[in-house]
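Peer 1: Spelled out, the chains give:
There are 2 protein chains.
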Amino acid sequence: MHVMILGAAGMVGRKLVEKIAREPLAFGRPVTRLTLADAFQPPVPEALQPVSTALTIDLAGAGAADRLIESRPDLIFHLAAIVSGEAEADFDKGYAVNLDGTRALFDAIRKLGLTSAYVPRVVFASSIAVFGTPFPEVIPDEFFTTPLTSYGTQKAIAELLLADYSRRGIFDGIGIRLPTITVRPGAPNKAASGFFSNILREPLVGKEAILPVSDGVRHWFASPRAAVGFFVHAATIDTARIGARRNLTMPGLSALVSEEIEALRRVAGDKAVALIKRVPDPVIERIVAGWPTQFDATRASSLGFKAETSFDEILQVHIEDELGGRFA
Amino acid sequence: MHVMILGAAGMVGRKLVEKIAREPLAFGRPVTRLTLADAFQPPVPEALQPVSTALTIDLAGAGAADRLIESRPDLIFHLAAIVSGEAEADFDKGYAVNLDGTRALFDAIRKLGLTSAYVPRVVFASSIAVFGTPFPEVIPDEFFTTPLTSYGTQKAIAELLLADYSRRGIFDGIGIRLPTITVRPGAPNKAASGFFSNILREPLVGKEAILPVSDGVRHWFASPRAAVGFFVHAATIDTARIGARRNLTMPGLSALVSEEIEALRRVAGDKAVALIKRVPDPVIERIVAGWPTQFDATRASSLGFKAETSFDEILQVHIEDELGGRFA
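So the sequences go chain by chain: B and Z.
Using full-length UniProt numbering, read the first sequence as starting at 1 and increasing by one per residue.
Using full-length UniProt numbering, read the second sequence as starting at 1 and increasing by one per residue.
The set of hints was computed from the structure by calculation and includes no laboratory data.
Given the structure is predicted, the values throughout are model-derived calculations rather than measurements.
All C-beta atoms in this analysis are idealised placements derived from N, C-alpha and C, irrespective of residue type, glycine included.
Among these hints, one or two may not hold up.
Unchecked claim - Cβ-to-Cβ under 10 Å is the rule here; a few derived chain Z residues that face chain B:
#	residue
1	Pro147
2	Ile170
3	Phe327
What the hints assert, rightly or not - Straight-line C-alpha distance at most 30 Å; calculated DSBU-like pairs for lysine-lysine:
#	chain 1	residue 1	chain 2	residue 2
4	Z	Lys207	Z	Lys277
5	B	Lys277	B	Lys207
6	Z	Lys277	Z	Lys93
7	Z	Lys93	B	Lys93
8	B	Lys15	B	Lys306
9	B	Lys93	Z	Lys111
10	B	Lys111	Z	Lys93
11	B	Lys190	B	Lys271
12	B	Lys19	B	Lys190
As the list claims (entries may be wrong) - Partial selection, computed: residues in chain B whose CB lies under 7 Å from chain Z:
#	residue
13	Thr115
14	Ser116
15	Phe144
16	Arg245
The shape of chain B in the complex, shown without the other chains (with noise of 0.2 Å):
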């Protein structure tokens, strides 16, 4: 099978692909031939490098989705965006990518169906961010998506044209929408939520990590295999069994800082835990005050998608996938 990732140079679009390197069969046929597009040039794991065609794209250039669907991929993973914080500051940048790159993808789908068969399966990554406070301590699968952020707009409308385009049989998609992912590997960013795992990476390795909020802060995570998981569970799951509403919040773990701290505790010892500073920042906690804390996952996991429940398995996760099993 054919298989594409758009934004394949991203965090979990690169796991996902060493996924592929490691279980050539994860989604039950041969990947034999792999397109990998990001707006950066996306690395090639040298297993897959005989199929692999790995492509510097920006979707909402001119004819740049018509391009890549005229290769008719089988199955099409849909993860590229423009954050947050970059959608927020740069609304036409924003828009242009995250609504009309997603829908130039989605009509190139279409205008291809319309002279031959072609009905791909399309995985989209949507975001908890197309909800909005004021929510409930436990947000349920029917709550409505009321985002305050351009970025969790954008993502809440390419959820709609997601569904009525499968519902119109044009392709076979599903959305799902992440928890935060931790442990994000690599360095501190500067993203609103990088302390959640700033303060778990950075002691595993002996350095210091700032903590901009209170121990009691309430947040939703999965890790990064996890995120993997969920994609390959949506690239192979009957969707016959989701119906009309393809758009699922992922299952998750509801989990407290200061439970964060303590798997480390248990972890990593006190020594770890020392390395995290408290340096209170009142921007990020107001931020981290809109952000949802938990939901009730119930249609996702009852399709099969699952997530850590504990933060120990969080940590272990990180700490086979990332320091190779041990840590300093």
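Got chain B sorted already, so can you dock chain Z onto it with the hints?
Peer 2: Then chain Z, alone, in the frame of chain B:
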């Protein structure tokens, strides 16, 4: 003030224009300029001719929205749309007008606001078609929007855009989800919902009407007069009271077809009821079974939006507004 009505040739648009003709101070300030636009030439009441411009436009046409907004209306009613059946039959036309046309309008306001202070009030006609089965018997304000038509999808997307553009201060928007407007004046039309009006309007003037569903069908109604009231209230309400959630399900009357018939009997007697011919139509029965039957429109009610509370009232409105207070 300069008032613009897009979709001014439609039934609700025309009634809104007539309201302004009768009550020049309906919005608190005199209407010194009125721009009426539609795909068909909108009629202009004589009293408003000195201040009115009537335009035939295609909102989705190149530059059309910019040319409209150049005149800097203070208050914009956006009722222009390709209706549900046509948007479902003609994919391109529905998306072009209902999504691209709406976005072009919103972006025209944004562009003008980039070069000079301009933040108009925008009142958008949305629809309960943003909801799709299965839903609870009474749909709460926080229920999610999972439309099962392209029309409903386009309305739900426009709602999201309206909320995001309002949050950013580009304009001051309100989306109002109208109930099924009953009794629609004019000739019977082919809309699947037409019979709800036909079985009242036609017998009142001594004509037969066909009832294609059972008496036990429940639906959600408001009169044309109530719809105009929603628009006027949305134009004048202090939006600080609404906050970020700018799209509101309007109040309405949840009633059975049998309640419509009994109201007709009380007003016009058995002779009128006898003109209703039962001709079951499985296609219409199936379509109607997918429609909402009742909402808990708490938010809109608490914000002062008002609809009828009985079919006797709805019939009385029709007799007063369409039949000069008399019926055959």
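Peer 1: If a hint holds in the structure, say so; if it doesn't, say that too.
Peer 2: Consistency of the hints with the structure:
no., hint, result
1, Pro147, "holds (7 Å)"
2, Ile170, "holds (9 Å)"
3, Phe327, "violated (42 Å)"
4, Lys207/Z to Lys277/Z, "holds (11 Å)"
5, Lys277/B to Lys207/B, "holds (11 Å)"
6, Lys277/Z to Lys93/Z, "violated (36 Å)"
7, Lys93/Z to Lys93/B, "holds (26 Å)"
8, Lys15/B to Lys306/B, "holds (17 Å)"
9, Lys93/B to Lys111/Z, "holds (15 Å)"
10, Lys111/B to Lys93/Z, "holds (15 Å)"
11, Lys190/B to Lys271/B, "holds (25 Å)"
12, Lys19/B to Lys190/B, "holds (27 Å)"
13, Thr115, "violated (15 Å)"
14, Ser116, "violated (18 Å)"
15, Phe144, "holds (5 Å)"
16, Arg245, "holds (5 Å)"
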